[in-house]
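Visitor: Each chain is listed here by its residues.
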Amino acid sequence: MKKAKQFQFQVQPLINNNNNNNNNNGLSFSYFDLLSEEIVFTILDLLTPNPLDKKSFSLGCKNFYFLESKHRRILKPLRSEYLPKVLTRYPHVTHMDLTLCPRVTDATLTNIAGACNSNLVSVDLSMSKFFTGVGLLNLAVKCENLVELDLTNATELKDGAAAMVAEARNLERLWMRRCRMVTDLGVGCIAVGCRKLKLLSLKWCVGVGDLGVGLIAVKCKDIRSLDLSYLPKLDMSSCEKITHIGLSSVFSCTICLEQVTLANGCSVNLDLADSLNKLSKLQSIKLDGCPVTCAGLGAIGDWCVSLKELSLSKCLGVTDEGLTYLFMKQKDLRILDITCCDKITDVSISHITSSCTDLSSLKMESCALVPREAFILIGQRCHSLEELDLTDNEIDDEGLKSISKCSKLSSFKLGLCLNITDEGLAHIGMSCVGLKELDLYRCTGITDSGILAIAGGCPGLEMINIAYCKEITDDSLLLFSKCAQLNTIECRGCPHITSLGLAAIAAGCKQLTKLDIKKCYKVDDAGMIPLAYFSQNLKQINLSYSSVTDVGLLSLASISCLQTLTILHLKGLTPSGLAAALLACGGLTKVKLHASFKSLLPQAIFEHLEARGCLFQWREKVFKAELDPKCWKRQLEDMMQ
Amino acid sequence: MDHKEMPCPTADTWGKSFSSGNELLKNISSDDTPLTSSQRPQQKWEDPSMLDYNTRIEPPFQDFKQRSETQSSLPCNPNNHNKVTDEDVQMNGTIQTGKIQDWDPRAMLNNLNFLEQKIHQLQDLVHLIVGRRSLALGRPDELVAQQKQLITTDLTSIIVQLISTAGSLLPSVKPHSGTTPTGQLGQLGGLFLPSTVGPNGSVQPQNNGGSKVSDQSNQMDITVNCGNEQNYNMEEHESKDDEDADEGENLPPGSYEILQLEKEEILAPHTHFCTICGKGFKRDANLRMHMRGHGDEYKTPAALAKPNKEATSEPMLIKRYSCPYAGCKRNKEHKKFQPLKTILCVKNHYKRTHCDKSYTCSRCNAKKFSVIADLKTHEKHCGKDKWLCSCGTTFSRKDKLFGHIALFQGHTPAIPLEETKGPTVPPDRGEGNEAINKVRSINFNFGSNASNGNEVQNTADVKGNIEDPTGYFSPLNFDTWNFGGFHEFPRPPYEDSESSLSFLIPGSCNYTVPGSCNYTQKTGAESSSNNPE
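Chains as they are written, first to last, in the numbering used here: chain A, 1 to 641; chain B, 642 to 1174.
Excised from the complex, chain B in its bound form (with noise of 0.2 Å):
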C-alpha cells in the first residue's frame, strides 16, 4: 500500500500509530516479562484498534493495560509463583480472593468505557470517510477497500469485547476465564474468547486456555479417576459386594463386549503356565522370573520386563463376563443378565454361588466359604463376633442383633459368660462399625460425588473462597478419608489409622484442600514454566 498517495493527513497518523502501539507494547513486554505468553493476543486485537489512534488516545489505553497487568500480575510473576508453591492452603484462598478482585465493577467500567471511546472513535472515522467521498467521489478501489476493512476489523474487535465483557458477568464462565491470566488478557483480546465464553466452556480443553486450562482439565481427570479407583478399592475390601458393585452400570447391550470362560478355566489354581515345563502360575510374574531357569534367552531384560501393554492405546471395546453356569443371572442367556466386570470377578462370583464352600473357618469351625481370601477376612473378625443371639446367630455389630431381636419373636441378646470384658467395649466397637458403614454407604454414592466435585469446586471459585473452603469440600472429603492405598495426591499428615472417627475430625478436610491448592500450584508452576518459552 501506498500511504504517500493518500491525500488525507489522517493516514499518516495511522502509520504513526502503528508504529508507536508496537513500541508501546514493547515497552510493556519488556517490563514485564511473564506477560510474553499474553503477548500475542494482545498485539492482534491491538492492531486493528490502533489503527486510527493517535497519541491523544494513548493515555487511556495504556493506562487500562497496565491496569490489566497489575491484575494479572499476582498470579504471573515468578516470584510470586514460588511463594504460591511455598504457601499451604490459606496461600490459596489469598489467590482466589486476588481473582475475586480481577471480577471487580471497576474493570467492567473500564471496560465499557474503552468500548464508548472506541465506538466514538469508528464514528469519527466513517465520518471522515463519508466526508471524504463527497469531496471526491473517484478514488481509488484500493484504499475504499482498505477503509472497509479497517472498519469491519474495529467493529469485530468492539463485538467480541462486548461479548467477553458480557460473558464476564456468567458464573460459570468465571473459573476458567479467570483462573489465568491469559485468561483475563484474552478477554480483552477478544479475538480468542468465543472460545473461552462458548456454553460448554467448563472442563473441556480449550485452545484460548492454552496449556494452562488443558492441564487443568487433567487434573479433573485425575480427580474422576480417583474415583473409579476408589470404588476398585472398594472391592477389594468388600469383596462380596463386587458383584452388585456394577449393578448401577446399565450398559446398553451391545456396547460391550461379551467373554464366557469355561468352568475348568475359572476354576484353575494357576493361570499362567510355563510352556516348558508346565509349572502353573498364579502371577506373570513369578512365571517369568522361573522361566530365567529355562535358558539364558530368559534372562534377558527384555524378557523379563512386563509385557507391554499396547492394547490400552487402541481404543478397545469394553469387555464384560459372563458366567457360564446356565440359569445364572450372571449368564447371558438370562433374562435379565447382568455381566461380571472383570475376570476375578467371574472367579469369585462362581466360587461363591456355584461350588461347594470347601474352607472352613479354624477358629470357629462353623463358617464355610469357597474363596480363600472370604476365610481370611472372615477369619480376621472370627470370634470378635461378640453380639450372639439367643438363636446362636452372631453378629459383628450391636445394632444390627438388635434389629434381628426386634424382627424375631423370642430372640433374646446372649450374655457373654464370662462378664469380665469392660462394659465399654462393645459399643465403641460397635460405633466404630457404624462409622465404617457410614462411610462406606456414602462410597456408594461415589461417582456422583466426584463429579459434584467440580461443580463445588466452581462454585468455590465463583464465590470466591471468601467462606471457608472447608465448607464447600466437606462432603467430598467424607469420600477421600477412605481412599485407601491412593497415593496420587499427597497424603494429610494424619495415617489413616483404625481410629474411625477421624474422619469426623474437621481437620480431615484439609485433605482436599491441599490437593486443590496442589492443583492451583501445578498449574501455576507450569504457567510460569510456560511464560519464558
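In isolation and in its complexed conformation, chain A is listed as follows (with noise of 0.2 Å):
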C-alpha cells in the first residue's frame, strides 16, 4: 500500500513534464504509454485502502481518467441521483455498495441493472430505503450473474418483494436481515428461487417460522451458512416439539451445512444438541442468548467433530462442569465466546486453555468469577490469540504482561477492567505490534504514558476507544495521529482532550470515520474546521455535550460520506444553524436531535430530510453530569440487582 502511494507520487511529476512536452514540442508522447493496461490494473489494485487516492489518480490526466473507469470493479456512490452518469462512466462495475446512498427508488434499481446488466455479481443495500420488489425484480432478471445481494434492514419489503428476489437464480449470498415484513412464503418463494444459495442470513425475520426455514433445508441443497438467530417461530418453548422437529429436520436435510446461528432462539438441550450430530461438516455453531443444559453441551461435544467455531454468549446454564465436558473433547476449537457466562470459574478457563492452545479468538466479557491468576493462564497457554475481550474482568497488570506473550494479537478489549494501569499496558504496547483495535473503555488507570506505548509500539492501530479516561489528554491524541490507519476514535468523557488534539488527529488520520468526542467540553469549533477539511471519510459524529457551534456543524456538514449525526445538548447551537446543516449534508441517514428543536424548526424540514432518507431519533434527556467510573460501575450493578 505504502508502495502505491509512492508510485503516485512519483507519476504526478512525470504528467506534468509529459504535459510540459506537449506544450513545447507538440510531440503526443506519454511514458505511461509504455506501461501496458495490466501493469496500471495491478497498480490501481493497490491503491485500495483510501477511495480517495483512486479519485486523485483519475483527475490526472484524460488517460488516468479512461484508465480508472476501466480499471473500477467496485463502486460505492455517495448520491444515487448521479448514477445514471457515474454508471456510463464506470461500465465494468462488478460490486455496487449503496450503503451511503440512503435513498434507492426502483427507478435507481432499474438504471443499474440497465447499466450494469449481466456483469453485476453483488449489491448492497442494506443501508437503503424506498425501493420495492419491482426494483428487485429488474435487478434480479437483467442482472443474471447475480450472487450476492444484502437486504438488510429493507423493513418495508413484504413477501412479494421476496419473491421477485427469488428471479435471482444464481443467488448464492442473501442477507434479509430485520426484513421484518417477509412470512413463510416470502422465503418459501427464495427457497424455490434460488437454488443455488449458499448463505441465509434471515435474522430478526420474524414472521419467519419452521416452515420456511424447512424448505431452504429441502431445495437449498448448497446452503453452508444458515442465521436464524432471533427467530420467535423457531422458539416455540411451549411447544419444544416443533423446534426439535423443525430444526432436525434442516439439520438432516442440509448434511454439509458448514455455520449454524441459533442466537436467541431455541433452548439447546439434549434433543436439539443430538439432531446437530447429522451435520458432520458443522464447523461453527452459534447459540447466543439460548437456554443452553450441561448435556446439550456435552452432546455437541460429542457430536460436532469439525468444530472450530462456538458462540455461547449469555446463555443460561453454562456451568464449569458443561465446559469442562464440552473441552475434554473439543481439542481444535479456534473461536471462542463465553461472554457473560458469569457461572463459570477458572476451572472452565483451565480447561479450555489446556486444550484449546490454538485458540484465536477469545470473548469473555463480564465472566465475573474469574478471578485475576486465571488470565495469566489465557498469555501462558494461548499464544495463537488474536482477538481476546476481557471487558469487564477482574484482570491486572500481571494477567496483561502475561498476555502480551501472545504476539499476534490484533484486537484486545479491556473495557471497564479497574484494575490494570499504564505499566500493564507498557507490556502489550511492547509486545503486541499487529494490534488494531485496542478498548479501554473506562479504564480510569490509564493515562498518556500507556497510550504513549501503545501509540508508539502498535502503529497499525485501526480503532482505539478511551472514553473516559479522565486523565487523557491531547498528548495522546498527538501519539494517535501518527497512527495513519486509526479510523474510529472513541474519547468520549475526556474532559482535558481540546480541538488542538482533534486537529492533529484530523490531519495524520485520513481514514478517520468514525468519531466520538461526546462530553470533550473543551472541544470547539476550532476542532470542527480541519476535521471538515481533512477527513473525508468520515461517517459517523457524536459531538453532544461539546462546545461547536453553528459554525462548527455548518463546516463538517462539507463532508459527503457523514451519515450519522448526534448532537445534543451543544449550547451554541441554533435551529437555522442547525437547518442549514443538515439541509447542506445530502448523506445523512440518521440524526439524534434533542426534541427541543422539532418545535423549533418547519416540519417540512423534516419532511424533506426523510424523503431523502434520513431517520430522526428525538431524545428528551436532561443534562447530566458525569459520575466517577467506580460509582458508575457500582450504580449499574445496583440496577442489575
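None of these hints come from the bench; they were simulated from the model.
This one's a predicted model, so the numbers in the text were calculated from it and none came from an experiment.
Fair warning: there could be bad hints in the mix.
As the list claims (entries may be wrong) - Which residues of chain A face chain B? A partial, calculated answer using Cβ under 7 Å:
1. Phe32
2. Ala163
3. Leu185
4. Val192
5. Leu215
6. Val218
7. Asp222
8. Gly415
As the list claims (entries may be wrong) - Label-pair restraints from in silico Cβ distances:
9. Leu1048(B) <-> Arg73(A): 39 to 45 Å
10. Lys1021(B) <-> Lys514(A): 55 to 61 Å
11. Leu1048(B) <-> Gln617(A): 55 to 61 Å
12. Gly1051(B) <-> Leu46(A): 45 to 51 Å
13. Asp342(A) <-> Arg1004(B): 57 to 63 Å
Said to hold, decoys possible - If the Cβ cut is set under 7 Å, some of the chain A residues that face chain B in the computed set are:
14. Asp159
15. Gly160
16. Gly188
17. Cys189
18. Leu211
Even glycine gets a Cβ: it sits at the ideal position worked out from N, Cα and C.
Grab the two chains, each in its own frame, and use the hints to assemble them into the complex.
Guide: Written out as C-alpha cells, the structure is:
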C-alpha cells in the first residue's frame, strides 16, 4: 500500500513533464504508454485503502481517467441521483455498494440493472430505503450473474418483494436481516427460486417460522451458512417438539451445513444437540442467548467433531461442569465466545486454555467469577490469540504482562477493567505490534504514558477507545495522529481533550470514519474545521455536550460521507444553523437531536430530510453530570440487582 | 332344638350371645340409620361368629364394628352427601382420600387380629367338644350335628374373611370394594364377598355392590356411548371421512346382515311418500305434518307421534350396507368388501363415487361436488384457501402448501396480489387448523381412549387421587374438547368456541373432572336414597 502511494507521487511529476512536453514540442508522447494496461491495473489494485487515492489518480489526466473507469469494479456512490452518469463512466462495475445512498428507488435499481446487466455480481442495499419488489425484479432479471445481495434493514419489504428476489436464480449469498414483513411464503419463494444459495441470513425476520426454514433446507442443497438468530417462531419454547423437529429436519436435509446460528432462538437441550450429529461438517455453532443444559453441551462436544467456532454468549446454564466436558472432547476450537457466562470460574478457563491452545479468538466479557490469576493462564497457554475480549473482568497488570506473549493479538478489549494501569499496558504496547483494535473504555488507571507505549508500539492501530479515561490529554491524541490507519476514535468524556488534539488527529488519520467526542467539553469549532477539511471519510460523529456551534456544524456538513450525526446538548447550536447544516449534508441517514428542536424547526424540513432517507431520533434526556467510573459501575450493578 | 337338654353350660352362653349379639346390632343400627342397608349382611355373618361368644369377646368386636362405621360414615351420612353434591371437584378428591383411609394397614391389622381371635375361639370350641366326647360318648346325634354345623359355618366365615382381607390388597379390586360402604362392610361380611373379589370384578354389575355398583357400570356405559356418539359426530363433521371411518370395524363376515339398496332408491331425493297424494318428503316428521291435511284421522296424537321404535328392544342383527355399483370396493361382491355403516353413508358414497359432480361452487366456479352438503362445507371455506401454489392449487393450510412445494420441483408459493392483509393472519389460521387437525387425529383413536378412560379412572382411584386428578384425565380431556353437541355430561363453563387453543388451556381438564365428580355424586345420592328403604 505504501508502495502504491509512493508510486503515485512519482507519477505526478511525470505527468507534469508530459504535459510540458506536449506544450513545448507538440508531440503527443506519454511515458505511461510504455506501461501496459494490465500493469496499470495492477498498480490501481494496490490503491485500495483510501478511496480518495483512486479519485486523485483519475483526475491526473484523461488517460488516467479512462484507465481508472475501465479498471473500477467496486462502486460506492455517494448520491444515487448521479448514478446514471456514474454508471456510464464505469462500465465494468461488478460490485455495487449503495450503503452511502440512503434513498434508492426502483428507478435507481432499474438504472443499475440496465447499465450493469450481467456484469453485476453483488449489490448492497443494507442502508437504503424506498425501493420495492419492482426494482429488485429488474435487478434479478437483468443481472443474471448476481451472486450476492444484501437486503438488511429492508423493513418494508414483503413477501411479494421476496418473490421477486427469488428470480435471481444464481444468488448464492443473501442477507435479509430485519426484513420483518417477510413470512414463510417469501422465504419459500426464495428457497424455490434461488437454489444455489450458500449463505442465508434470516436474523430478526420475525415473520419466518419452521416452514420457511424447512423449505430452505429441502430446496437449497448447497446451503453452508444459515443464520436463524432471533426467530421467535422457531422458538416455540412452549411446544419444544416443533423446534426440535423443525430444526432437526433442517439439519437432516442440510448435511453440508458449516455454520449454524440459532442465537436467541430455541433452548439447547439434549434433543437439539443430538440433532446436530447429522451435521458432520459443521464448523460453527452460534447459540447466543439460548438456554443451554449440561447434557446439551456434552452432546455438542460429542457430535460436532470438526467444530472450529462456538458461541455461547449470554447462554443461561453454562457451567464449569458443562464446559469441562465439552473441552475434554473439543481440542481444535479456534473461536470461542463465552460472554456473560457468569457461572464459570477459573476451572473452565483452565480447561479451555489447556485443551484449545490454538484458540485465535476468545470473548469472555463479564465472567465475574473468573479470578485475576486465570488470565495469566490465558497468556501462558494460548499464544495464537488474535482477538481477546476481557471487558469487565478482574484482570490486572500481571495478567496483561502474561497476555503480552500473544504476539499475534490484533483486537484487545479491556473496557471496565479497573485493575489495570499504564504499567501493564506498556507490556502490551511493547509486544503486540500487530494490534489493530484496543478498547480501554472506562479504564481509569490509564494515562498518557500508557497511550505512549501503545501508539508507539502499535503503528497499525485502527480502532481506539479511550472513553472516560479522564487522565488522557491532547498528548495522547497527538501520539495517535501518527497511527495513519486509525479509523475509529472514541474519546467520550475525556475533559482534557481540546480542539488542538483533534486537529492533529484530523491531519494525521485520513481514514477516520467514526469519531465520538461526546462530553469533550473543551472541543469547539476550531477542532471541526480541520476535521471537515481532512477527514473526508468520516461517516459518524457524536458531538453531544461539546462546545461546537453552528459554525463547526456547518463546516462538518461539507463531509459528503457523513451519515450519522448525534448532536445533543450543544449550547451554541441555533435552529437556523442546524437547519442549514442538515440541508447541506446530503448523505445523512440518522440524526439524533434533542426533542426541543422538533418544534423550533419547520416541519417541511424534516419531511424533506426524511424523504432523502434520513431518520430522526428525538431524545428528551436532560443534561447530566458525569459520574466517577467506580461509582458508575456500582450504580450499574445496583440496577442489575 | 332343646337347649335345656344340653348338659354343658356353654349352651346357655351361646343362647345369650345370640340375643346379646342381636341387641348389639339393633343398638348400632338405631344409632346410625344409614347403615341399615348394610345391616343384613352383617347380621348374617355375625350370627355364626357370635355363637360362641360371651360378653368378654364383645368389646373388640364392637370396637371393630364402630371403626368400620367411622370409616364408612363419610360416604354414608346423608348430610355429607348433600355436602358432596354441593361441593366441586375438590370435594371429590377428599372423598377419594377418605377412601384411601379405608385401606390403611391398621384396618388390615384389626381384621387379622379379629381372625386370630376367632380361630382361637374355634380352637377352644373344638377342644371343648373333644373333651366332652371323651367324657360322654353317647351323645345324641342332633347335638353333634349342630356342633359340626357351627364349626363349619365359623370356618367358612374365617376363610371368606381371609380371602377378603387378602383381596383388599389387590389393586384392581380396590375401587369397587372401596367405593361404596357396602363394599367395605361386605368385606367384613365375607359371605357376599367372593363375587366382589372375583378376578373380573371390574365393570360388570355385581350382586354384592348392589344398586350402587350397577349404577356405576351404567355410568361406564354412558362414557362408552359418548365415545360412539363422538365418532358419529365426527362423521357428520368430516363427511368425507365417513366411508373410511368404519374401516377399522373388522366385523367378521356373516356377523351382520348385508342390505343393498337399488340405485334409484339411493338417488331418490325423497324417502317418505304420501300414500294419498304421492308427495315426497325427506323426513318422516314432515310427512306426518303433511298428512294432517288429508283428514282428521291423521291429526290424532297417536298418528302424529313418532313411530315406536320397538325394534330396538329386540336383539337385532347388525345391518351393514352394500353399494349397488358392481366392482366397487363397497359392493358385496368385491374381494375386499368393506360394508357401509348407514344408509346415509351409502347415499353419500354412491353420489360421491359413482355420480356426476353437479353442484358447482358459486364462489370459485371451479370446485364441483355431487353431495350438496359437501358443497356447503366447501362454500364455507371457499376463498379462504389463500395458501396458493404457483401451479394454481389452493390449500387451506400453510403447512400443506409447503409440503406440496417441497414435493414438486419448480412449484413456488404464490404471493397474493394485495398484500394488504396483515402478515400475522395467515399463520394464525394455519395454527388453528393444525390444532383442529391434532384434535381430529386423536379423535380417530377415541375408541381406545374411551376404554382407557376407565382404566385411568381405576388407577386414579387406586392411587387415591393424591396427585392432581387432571394429570390422569388429560388425555381424555383432549378428546372431550370436541364433543360437539354432546350434552349428557355437564358442559364446562367455557363455550366450545372457535378459539382453537382453548383445548390447550389446562382449565379444560376440568371437563371430565366435573363429569367424574358428578358420577360419584350420583352414586352417592343414590346410595343415600337407597338407604332408607
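Visitor: It remains to establish, for every hint, whether it holds in the given structure.
Guide: Status of the hints after comparison with the structure:
Taking 7 Å as the C-beta cut-off, the interface hint given for Phe32(A) is violated, the closest approach to chain B being about 54 Å. Interface hint at Ala163(A): satisfied, since its Cβ lies 5 Å from the closest Cβ of chain B, which is below the 7 Å cut-off. Look at Leu185(A): its Cβ gets to within about 5 Å of chain B, closer than 7 Å, so that hint holds up. The restraint placing Val192(A) at the interface with chain B holds, with a minimum CB-CB distance near 4 Å, inside the 7 Å limit.
Hint status for Leu215(A): holds, given a least beta-carbon distance of 6 Å to chain B, under 7 Å. Hint on Val218(A) holds. Least Cβ distance to chain B is approximately 5 Å, under the 7 Å limit. Of the supplied interface hints, the one on Asp222(A) is violated, with its beta-carbon coming no nearer than about 16 Å to a beta-carbon of chain B, more than 7 Å. Hint status for Gly415(A): violated, given a least beta-carbon distance of 40 Å to chain B, over 7 Å.
In this structure the hint that Leu1048(B) and Arg73(A) lie 39 to 45 Å apart at CB holds, the actual value being about 42 Å. Separated by about 60 Å at the C-beta atoms, Lys1021(B) and Lys514(A) satisfy the suggested range of 55 to 61 Å. Between Leu1048(B) and Gln617(A) the C-beta distance comes to about 48 Å, which lies outside the given range of 55 to 61 Å. Range check, Gly1051(B) to Leu46(A): about 47 Å between beta-carbon atoms, so the 45 to 51 Å window is met.
For the pair Asp342(A) and Arg1004(B), the beta carbons lie near 60 Å from each other, so the given range of 57 to 63 Å is met. With a cut of 7 Å, the hint placing Asp159(A) at the interface with chain B holds, because the nearest CB-to-CB distance is about 5 Å. Look at Gly160(A): its Cβ gets to within about 5 Å of chain B, closer than 7 Å, so that hint holds up. A hinted interface residue such as Gly188(A) counts as satisfied when its beta carbon comes closer than 7 Å to some beta carbon of chain B; here the least separation is about 4 Å, so the hint holds.
Given the 7 Å rule on beta carbons, the hint for Cys189(A) holds: about 5 Å separates it from the nearest Cβ of chain B. Satisfaction of the interface hint for Leu211(A) is found here, the shortest Cβ-Cβ separation to chain B being roughly 4 Å, below the 7 Å cut-off.
Checked against the numbered hints given earlier, the structure breaks hints 1, 7, 8 and 11 and satisfies all the rest.
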